[in-house]
Amino acid sequence: MGRVFTNLAVALTIIGLLLASITLWLGFTWAPAVNPDDWAAPEAYRILFWHVPAAWASFLAFTLLFIGSAMWFLKRKEWGWKLHVVGAHLGLVYGMCVIISGPIWGTAEWGTPWDMTDVRLNTYAILAALSLFLVVGHQTQGDSEESRDTFATVGLFGFLLVPLTIVAIRIWQNRHPGPVIGGGSEAGLAPEILAVLLFGLFSFQVLVIGHAMLVWAVNDLELRLAKVQMEIDRR
Amino acid sequence: MADGTTFLAIAYIAMIGIIGGWTWKMLQRLNELSERLAAAEATFGHAGATGSAESSDSSEEE
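Chains D and P are the protein sequences, given in the same order.
Here my numbering is used: position 165 in the first sequence is 165, and no number is missing along the way.
Counting from 1 along the second sequence, just add 235 to a position and that's the residue number in my numbering.
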């Protein structure tokens, strides 16, 4: 992997972080307050400027996980396995952001951090747990074709939870607020709030692409180092 | 009971910690691996240059 790729990964990551910081600043300074009569903790609504983009970023990560798992499992492509590793790492990072920030907001707004009867919360928690299982599994299990097959299978079937999580809010809405993008007139977001949210979604997509390239570059360096060390040992 | 702003601050601190911490860890790992690879390749290059002479010497000993 070339130096250009690594530099691009670092640059995109830094740009993504900057854009995410701008989103946060706009969310706190420019986005208007919501009607205090409609919410138990009106100020806490500003969580959505990072919570929702982080969720979308995690869905992109889980999509990479699915494509990578499929390409490894069906075609034995080495890049497929690398993509699987990238997707698992990013699914965990962004999944943790969502899983931690959501219950904190829930405590403020609902008075409880979790609702076991809410399908979306539970399917998303399983998704995050799945990425945790994969990351820990990659680190503790030896790298063999058999272990790769096992993890790829988990990645393939786990992806089924992504569309289920996305549609769950439309089919079985319980506590979690409805979709803010594509939610129709019910979403009812002020134009400024929607603008900041869209900017946040863009920021996190840039960040997740930068992060994906960063993990790819690290992975590549690890493989190259292992190869060179094997050559040295052989001499 | 803390108000909404406190919960909001805690949530953002947690997310900044996760994303910032993980990014920092990955950048450090990238630097560390680049340095180790450069050192290993330098050693390998050195071994490659002297390797043929060493192997012909050692083959006589074996």
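Fair warning: there could be bad hints in the mix.
[Said to hold, decoys possible] Below, computed lysine-lysine pairings styled on DSS-like, alpha-carbon distance capped at 25 Å:
| no. | chain 1 | residue 1 | chain 2 | residue 2 |
| --- | --- | --- | --- | --- |
| 1 | D | Lys227 | P | Lys260 |
| 2 | D | Lys77 | D | Lys227 |
| 3 | D | Lys82 | D | Lys227 |
| 4 | P | Lys260 | D | Lys82 |
| 5 | D | Lys75 | D | Lys227 |
Hints listed in this document are in silico derivations from the structure and should not be mistaken for laboratory results.
Note that the structure is a prediction, hence the values are computed from the model and not measured.
Consistency of the hints with the structure:
1. D:Lys227 / P:Lys260: 23 Å, holds
2. D:Lys77 / D:Lys227: Holds, at roughly 19 Å.
3. D:Lys82 / D:Lys227: 16 Å, holds
4. P:Lys260 / D:Lys82: Distance ~19 Å between lysine 260 (chain P) and lysine 82 (chain D) Cα, so the pair holds.
5. D:Lys75 / D:Lys227: Judged against 25 Å, a Cα distance of about 23 Å means the pair holds.
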